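Colleague: This is what each chain is made of:
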Amino acid sequence: MKIDRRLLINFDWVLLVLVLAICGIGLLNLYSTGHSASHLSSKPFFVKQMYWIMIGLCCMIVAASIDYRLIVQYGYVVYFISLILLFFVFIQGHVTHGSQRWLVLWGFTFQPSELMKLTVIIALTKFITENKTDKEYHIRSLLIPFIIVCIPCLFIIDQPDLGTALFLVILFFSIILFIGVSRKALLLFVSSGVVVTPLFWFALEDYQKERIFTFLNPERDPLGSGYHIIQSIIAIGSGGAWGKGFLKGTQSQLKFLPEQQTDFVFSVFAEEWGFLGAITVIFLFLALLLWGVKIARNSRDLAGTIISYGVMMFIFWGFFINIGMVLGTLPVVGIPLPFLSYGGSAMVVLMTGVGLMMNVSMRRFMLQPY
Amino acid sequence: MGQRNKTLVTYDPGEFRRKFNLVIWLMLLAFAFLTGKMWYLQIVKGGELLQRSKDNRIRLQEIRPLRGLILDARGRILVDNQASFDISIIPETAKDVKGVIDRLSSIYDDENIDLARNFTASRKRKPFVPIKLAKNIGRDRLALIETNSLNLPGVMVDVVPVRKYIFGETMAHILGYVGEISIAELAKDVVGDYNAGDVIGKLGIEKTVDRYLKGERGGEQIEVNVSGRKLNVLGRVDAVPGYNIQLTIDADLQKICWDAFQERAGTVITMNPRDGSILSLVNKPSYDPNLFNRGISDDDWRSLLNNPLSPMQNKAISGQYPPGSTYKPFIAAAALEEGVVDPEHKVVCNRVYPVGTRTFRCWSKRGHGSTALHRAITESCDVYFYDIGTKIGVDTLADYARKFGFGIRSGIDLPGERSGLVPTREWKLQRFKETWQTGETVSLTIGQGFVLVTPLQLLRAYCALANGGILYQPQLIKAVKTESDEIVKEFPPVEISRIPVSREHIDILKYALWGAVNEDHGTGRALRRPERDVCGKTGTAQVIKMAQDDEKIKKEDVPYKHRDHALFVCFAPYRDPEIAVVVIVEHGGHGGSAAAPIARKIIDGYFDLKNRGAAVTLPTGQGGPTRREN
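As given, the protein sequences belong to chains A and B, one line each in that order. Just so you know, this note's numbering puts 344 at position 344 of the first sequence, and the rest follows in order with no gaps. Just so you know, this note's numbering puts 782 at position 412 of the second sequence, and the rest follows in order with no gaps.
Just so you know, not all the hints are guaranteed correct.
The following residues of chain B were derived to be distant from chain A, with all beta-carbon distances above 12 Å [stated by the list, open to error]:
#, residue
1, 426
2, 444
3, 549
4, 859
5, 959
Not the full set, but computed from the structure, chain B residues with beta-carbon under 10 Å of chain A [unchecked claim]:
#, residue
6, 389
7, 410
8, 416
9, 424
10, 594
Read the hints as simulated data drawn from the structure, not as lab findings. As the structure is a computational prediction, the values presented were derived from the model and not from experiment. Heads up, the beta-carbon is just placed ideally off N, CA and C, and yes, glycines get one too.
Make the full structure from the sequences, and use the hints.
Modeller: So, in structure tokens, the structure goes:
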């Protein structure tokens, strides 16, 4: 592939800087969570996360280099590959009778459900660009996108990882509603949701029901499932306006706060850096997302708009659900905080997604009418 | 491809412009909401949640003081503190509580202890507070648990000091035992000296001087991590160990009394008549206070309660016995002092003494013939006392009895003392709604009928005769001392009253008591030592009213519980006595044959000890914690 000079000129530095800034804060924070740990045998989380960021950056460059139109064209292929990976997880889980969310590939643990979040966006983009109508989508025309989302959802629910499955559904609706659906289709979705939800309840594992009860009243079982939320709220609130200081958060350093590197990573940050630090992170995310909107809006074609909008929504919902969760406003569903939570699969997938946004951003001037 | 490119090229992003605005507004709303919640938690509730984070990590830990030791009169340790090991579990650290307890049970391997049942987590329990699973585990089990500690997350071993009663059951009734404070005891503690879970004296000296022994608890403010592991000490107030208590008890003499009594039921007390201090106090049967150390087992407790010989009862102070003939000197004292008789007055004893329709008899089959006071006491003539007693009258006899300390608690520093009973006309009217009968006075004169005394009262009254008329408060505690043996408080002798009996009359009685031991026909001949220095009096107290003519019935044919109590009270040496002994053998038969030989061994042992001096005594702290020497 020959390198067009215009690609370099139009390189989206703002996007890169915003993402790197958030990743930097994440690394700093992960350093803090591992500070008091005595895991001499394994590498600290922040070091491993640094490797993942590097790998992510490589994926980002690759994703930005290949013309996104080509990527969208092979959208179903990419989708099927990740579906197969998900299927392996399904098989593996049923063979070992254990609940597993990851595959071990060449010594790396890999979570196909994370990859699925991005490939669903690409597959939906492909469908939308190939079935462009001037009017709204009708029920029948939405059958394929519905199937695209439903199959991985079933696999993921089976893992069981209700949070990620719901996340896919939310992504689906974010994109479909954005494209525009007929009132009839919308009504059908909403009413079927109302019907399915109670059925869904019976399919839930006990621990999942417990989490929902706990969300409704955390003090119900302060030592069990409510413990996480209570400790998180204590951690965040005790940070106050200015925070307790780097490495000085008692809730996190003394391990009162569970899941510090993953789900509750933001609580660690809010405890040590206070309202000031929390607000800074929130504004960085807001800037990133608004920049994403700008990219989607300035795209010269539908594929670029949908794909960058999808990735933006991916980041937005991850952020909103996770922060809502640690603040005790949403149930604990196990959605990591983008760029801040420790996790290789999520980091690489997110970076790839950012690469796609960058891709669209860089090529916004290239699609001049002939 | 070309076809598709055309559709791409005709793309107009404008159609999404309105939707993008909506998306931006929705996102801003979401961010505003999150920021608002953040503000609420960090700024509005920040202070409160900061306090909660402190509560999480800062814990107040009580430091229990070491309980004071109990020493004997010569400073030998009677009660020591020893380390005991408890195991407890922190459920939050264990995570898989059931699995850990199962593994622990298989290591622990004691079918008597169901660890899973001991695990009771109340809902009110604070997180990371350990739950006790087993108390007082042995050192071998401790070693097993320590070596398996990696497989037993959350299992902790606490070192708890426990009381070691070095002399076991021989001193149980003096020392008592300790236990965890009960709800009732906590309710009584209005000052707030005690906390739930504290150790408190339950019986004996441990109970009566708990305030000295317990010490003052300290506290530590510690920073803990989520596993409850101590990281830092933020502040500390040291515990103050309890004071040591020095008793008047002589461990050697106590041992002599214990051995002399052998396997019978009853009590022995020895006292120094010069100051009322108790030198030894033995009840038989007894119990091992070490059993109570960490909570007694149900089986042990049941066997103690069901023993018909009442091992838990402190018979010396709460046993109430008819004094029998040991009561006679006090009748004589009343008669002399009231001028009813003079010492030369004689009563003819031909064995029978009719009162109204009843006939009372003397114990001697042949009768004592013409008897004056001295021989009436030495040979314990009943008829003499029937005669003079009825002349004095019951109420006057009661006055004198009270002045000798009968019918009221002596005030010894032990719980559970009873007052005995000195009957009067009024008492009988109130109690039975009946008038007093002369025959009852007759019974009273030989210490039968309604009158009841405790062994301690009897001993103290004899001490008053021995020391020339001073009634002392019996004392068990010599001093309260600090760890470094400095005296905090001393307990000088407490003179309660002087007996209203003249010195001359007391000397007559003392001489008669000397005669009872040292003259040829005396009833207490068993005490006749080469030194001829003991004064004493036998007593045989009937438990049930039996026809007095039934000598044909052999002792062995009488059921145990209907047999007579055997009593003996004595003091020595005759001039300026320094030891007084009371021996009561329950259902032991005759005082002279059952109780007196025991008293003899004690008196011999006492003087033997005294002559040998402190040279040969029990080594200090015998049986206490082993000290390794280099």
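Colleague: If a hint holds in the structure, say so; if it does not, say that too.
Modeller: Hint check results:
With 12 Å as the threshold on Cβ separation, the claim that residue 426(B) sits away from chain A is violated: the shortest Cβ distance comes to roughly 5 Å. Separation of residue 444(B) from chain A is adequate, the least Cβ-Cβ distance of about 54 Å exceeding the 12 Å criterion. Distance to chain A confirms residue 549(B) as a non-interface residue, since its nearest Cβ pair spans about 31 Å, more than 12 Å. Distance check on residue 859(B): its Cβ is at least 47 Å (rounded) from any Cβ of chain A, clearing the 12 Å threshold; non-interface status holds.
The claim that residue 959(B) lies off the interface holds: its Cβ sits roughly 68 Å from the closest Cβ of chain A, which is beyond the 12 Å cut-off. Among the interface hints, the one on residue 389(B) holds; its C-beta lies about 6 Å from the nearest C-beta in chain A, closer than the 10 Å criterion. The beta carbon of residue 410(B) comes within 9 Å of a beta carbon in chain A, closer than 10 Å, and the hint placing it at the interface holds. At a threshold of 10 Å, the smallest CB-CB gap from residue 416(B) to chain A is about 4 Å, leaving the interface hint in force.
Because the closest C-beta pair between residue 424(B) and chain A is about 8 Å apart, less than 10 Å, the hint holds. For residue 594(B), the interface hint holds, since its Cβ comes within 10 Å of a Cβ in chain A; the closest pair sits about 7 Å apart.
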